[in-house]
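Chemist: Next come the chains, spelled out residue by residue.
2 protein chains.
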Amino acid sequence: MVIPQGLAYSGIANLPAQYGLYGSFLGAFVYILFGSCKDVPMGPTAISALLTFQAIQGLGAEHAILLCFFTGVIQLLMGLFGLGFLIDFISGPVSSGFTSAVALIILTSQVKDILGVYAPGSVFTEIWANIFKDIHNTNRWDTILGIACIIILLLMRVVGQVQTGPKKREPSKLQTIINKSLWLFSTARNAIIVIICGFIGFSFFDNGYSPLTLIGDVPPGLPSFKAPPFGGFYKKVNETVEEHVSFIDMMSNLSTGIIVTPLIGILETIAICKAFADGKPVDATQELIAIGLANVANSFVQAFPGSGALARSAVNNASGVKSTMGGLYTGLLVIFALLFFTPYFYYIPKAALAAIIIAAVIFMVEIKVIKPMWRSKKSDLFLAVATFIACLVLPLEIGILVGIGLNLLFILYHAARPKITIEKLTTRENTEYLILTPDRCLIFPSTDYVRNLVTKHSIRQGIPVVIDCSHIYGADYTAATVVQTLTKDFATRNQPLFFYNLKPSVSAVFEGLSPQDFVVYYDHDQLDDLLRKRSQNTDSNIV
Amino acid sequence: MVIPQGLAYSGIANLPAQYGLYGSFLGAFVYILFGSCKDVPMGPTAISALLTFQAIQGLGAEHAILLCFFTGVIQLLMGLFGLGFLIDFISGPVSSGFTSAVALIILTSQVKDILGVYAPGSVFTEIWANIFKDIHNTNRWDTILGIACIIILLLMRVVGQVQTGPKKREPSKLQTIINKSLWLFSTARNAIIVIICGFIGFSFFDNGYSPLTLIGDVPPGLPSFKAPPFGGFYKKVNETVEEHVSFIDMMSNLSTGIIVTPLIGILETIAICKAFADGKPVDATQELIAIGLANVANSFVQAFPGSGALARSAVNNASGVKSTMGGLYTGLLVIFALLFFTPYFYYIPKAALAAIIIAAVIFMVEIKVIKPMWRSKKSDLFLAVATFIACLVLPLEIGILVGIGLNLLFILYHAARPKITIEKLTTRENTEYLILTPDRCLIFPSTDYVRNLVTKHSIRQGIPVVIDCSHIYGADYTAATVVQTLTKDFATRNQPLFFYNLKPSVSAVFEGLSPQDFVVYYDHDQLDDLLRKRSQNTDSNIV
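As they're listed, the protein sequences go chains A and B. Residue numbering for the first sequence follows the UniProt record's numbering, beginning at 1 and increasing consecutively. Residue numbering for the second sequence follows the UniProt record's numbering, beginning at 1 and increasing consecutively.
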């Protein structure tokens with residue numbers, strides 16, 4: 001599975017096919033040593049390939065390798081500085097919207113390979129516009145092979161889910177063997193398709209001419225082990241002239257990709273860890289360090305950025321992999337392929353690889369979350385859709401930042417507008433009073449709102465006021481100034497104001513400003529005494 | 001008071017003296033009609049003048065007038081769209097740090113006028129560096145007059161706070177008259193200094209030569225009423241060549257000033273409203289509309305942006321101003337001055353105006369908030385100092401954005417890391433169980449943290465777990481997915497998990513995902529029944 005995927009993901013990144021294989025062994029070995037999730041295979045993924053494609057903008061493999069290096073360095077630094085909590089700020093809905101958009105963009109980028117048309121661009125809408133512009137150049141044979149492969153792959157996928165035999169009882173030995181064979185046949189579907197299509201490509205190949213678009217030359221042997229490129233003379237993709245590019249130029253070419261690629265990489269890895277962790281906590285810091293080191297190592301063997309890959313994780317998990325050592329086997333397989341199989345890769349049709357990707361990514365469009373999200377919280381569905389659309393019409397990294405920004409605005413608005421319950425009660429001695437209960441912490445964006453609300457209701461009612469602080473677990477200086485003003489205003493109006501059940505830690509914050517007439521009580525029975533005392537004080541002041 | 005301040009603030013904005021006066025009448029009349037705070041005088045302020053100075057970067061009055069227009073338009077739009085809540089996001093500490101930094105920057109910009117040296121620049125550190133570079137060019141007479149004026153102004157200020165007569169008893173008639181005269185003398189100190197220094201400037205003026213740097217020509221008469229400049233041929237400050245500047249050029253020259261100036265303007269106005277509101281709520285929307293219209297009107301009489309002015313508000317309040325009509329009187333005074341007094345303004349020494357500003361702004365450095373902030377909440381003091389330093393070493397608008405950004409990070413971190421109390425209790429029937437109480441809403445940045453904590457403690461203890469949701473007033477889809485996983489994990493481990501006292505609105509969010517074995521109870525006595533039922537179910541499953 002790792003070999004056809006590695007070849008195919010290179011196509012998403014718009015790089016020669018061998019680069020996907022280069023990223024599939026050394027990093028996997030490093031992850032074996034440092035990673036914590038047994039099911040995670042470290043290597044190129046559809047998302048990381050797409051991010052690489054968008055970051056390098058057709059500038060060639062050197063940029064991709066440098067991006068891989070910096071992705072690793074940043075992930076490593078995030079791990080060492082304990083910044084793993086940053087990925088908590090990518091919520092479920094934003095992540096769903098992003099993943100679905102990525103799936104559609106990848107699908108789009110592969111449609112052009114299946115049609116054999118020329119359609120540059122990195123934004124969804126742009127690529128489709130270019131596909132329609134060049135649709136008359138469709139290669140008939142590529143299209144037929146591609147569509148056939150997609151249909152066969154989807155059917156083979158269904159076969160894997162078939163279970164013969166009765167559901168309730170233990171299956172017989174024969175049934176178990178049939179079930180296992182079906183599962184193996186289904187899991188190996190990518191490899192089977194690649195091999196068959198490779199034969200097709202070979203048989204139609206005639207003296208350097210082929211009706212199908214083939215992968216072409218893949219340099220044999222392992223990549224040389226050398227430092228990532230920090231500037232020099234490089235060729236752009238599809239160009240022959242070498243131009244000098246400095247390190248600074250390379251960095252500014254990669255621009256925000258340097259931030260977004262490591263973040264999304266670790267998000268993907270941790271999402272997979274969680275999915276297969278069986279309820280055990282996942283250590284984000286350790287994962288950051290492991291993936292970071294793996295990417296740095298990969299950048300020394302000319303790979304583009306990678307992360308944990310969901311599809312292969314699922315296979316590992318279903319195959320009963322028991323430790324991270326599973327990566328050793330796949331890594332060795334890739335080395336073996338690079339050493340001996342590369343001549344055969346020549347004949348693999350590009351349309352077959354595109355079909356493999358399409359048949360995989362259509363299941364990444366998360367249509368199934370729409371219904372539970374709608375039932376659970378409608379504003380989250382809005383957020384997911386907004387992120388999805390933003391990622392389709394804007395460059396991908398801007399799109400996800402828009403989603404995260406919107407989500408943070410939701411939280412801030414939430415912090416700024418607490419709910420306050422207002423009730424009119426009477427004490428044991430039949431004195432009416434107003435009790436106001438804010439439902440969360442008093443911190444600055446909400447303080448003025450609370451103050452205005454308290455003032456409005458207190459002036460309107462003109463009876464003693466109690467603020468029930470049972471739910472207030474935190475406060476800041478701004479809240480303290482508001483409490484100070486409130487107590488002063490109430491004293492000026494000669495209206496009693498008491499604080500009920502205020503946590504000592506919060507009380508300390510308020511008392512830092514030494515507000516006048518600041519009275520806290522913890523037992524409802526004390527209220528009458530307090531009221532009596534207050535009215536005596538007021539009377540004596542007037543006398 | 002409004003006339004010397006108007007003249008002086010023009011100096012802060014690096015504009016000819018008359019522009020400060022142009023902004024002091026029409027806007028004030030508009031505010032009378034639409035404003036809600038009787039004590040707020042609309043006009044140029046030290047902060048708005050400094051923001052104008054930084055935004056126009058020596059590009060001349062046309063840019064300042066355009067900035068005034070857009071400041072008004074944006075404030076008006078914010079008012080109409082109900083965006084007044086945005087100013088809630090500038091907390092007390094950030095506002096203190098910002099104001100103190102502004103005071104120091106203004107002081108710095110005036111020190112160069114008192115010394116008579118040439119020191120361009122807009123950032124604090126930059127101006128001081130330039131002052132020291134040019135210190136050998138100090139004008140002796142300017143310096144002597146300036147320092148003398150500052151000392152006299154500070155003494156006159158102290159005089160106003162003196163109260164003759166006994167404190168406890170009612171003062172006699174004579175004492176009252178003396179107190180009132182002292183207050184008047186102190187309040188009029190700026191005007192007195194300007195008049196006296198004007199005479200000094202006049203007497204030392206000899207055939208076009210003066211040892212003191214004077215204001216110079218102030219064009220007489222009212223400004224013409226015309227649309228703000230949207231592009232054309234303009235001169236830069238201190239230059240004679242006119243250059244063509246398009247509207248787009250002007251906008252990009254003003255850059256972030258267009259956003260920051262209106263925000264700070266409304267912040268200043270509302271801060272003043274609150275300070276003198278005697279506990280009545282302030283309507284941010286109405287203030288936004290009033291200040292916005294006033295600024296738009298002012299841009300038609302060639303003024304630079306203004307807002308409510310604190311110093312004059314205090315005078316209005318102390319003078320017993322009863323309604324916003326107080327602005328009518330000051331506005332008419334300014335018109336009168338523009339029509340008849342401008343020839344006399346020629347002789348006013350610049351050092352005298354600088355002294356007036358310095359004697360005012362040194363009290364804007366909020367040293368007195370340090371102690372209560374330290375006692376109340378130390379992290380808020382850190383925030384104030386960070387904002388203060390950022391505003392001194394970076395351009396002012398970037399400085400305050402850094403402060404706001406830091407503050408929002410505090411809130412987000414707060415949202416991401418709820419406190420969870422963990423207790424081991426026993427039911428009536430002596431079953432041990434673990435009760436976990438999160439202290440605030442479950443929203444996405446905190447959900448994984450909560451899940452990891454719950455999982456860790458539950459696995460370690462291996463007894464039934466209850467999550468006390470009394471303080472959880474809100475949840476989102478991400479929280480719902482975590483609850484779903486939690487219930488599933490507990491079911492797999494055969495460990496009972498119950499939710500206690502969950503609000504129905506939050507329960508609905510969780511149930512949107514139909515989690516299995518999701519049990520909520522509201523009465524502590526039910527726990528034993530639930531536990532018994534659960535263990536029976538489990539037993540029957542095993543059988």
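Keep in mind that the hints were calculated from the coordinates and are not lab data. Watch out, some of these pointers could steer you wrong.
To be verified - Quick look at which bits of chain B chain A covers, simulated, 3 or more residues with Cβ under 8 Å:
| # | region |
| --- | --- |
| 1 | 40-49 |
| 2 | 132-139 |
| 3 | 372-380 |
| 4 | 478-492 |
As the list claims (entries may be wrong) - What the simulated footprint calls covered on chain B by chain A, stretch by stretch (three residues with Cβ under 8 Å from a Cβ of chain A suffice, anywhere in the stretch; the number is not a length):
| # | region |
| --- | --- |
| 5 | 79-92 |
| 6 | 466-474 |
| 7 | 510-516 |
Where is the CB? At the ideal position from N, CA and C, for every residue including glycine.
Chemist: Against this structure, judge whether each hint is valid.
Modeler: Hints, verified against the model:
| no. | hint | result |
| --- | --- | --- |
| 1 | 40-49 | violated (count 0) |
| 2 | 132-139 | violated (count 0) |
| 3 | 372-380 | holds (count 8) |
| 4 | 478-492 | holds (count 9) |
| 5 | 79-92 | holds (count 5) |
| 6 | 466-474 | holds (count 3) |
| 7 | 510-516 | holds (count 5) |
Checked against the numbered hints above, the structure breaks hints 1, 2 and satisfies the rest.
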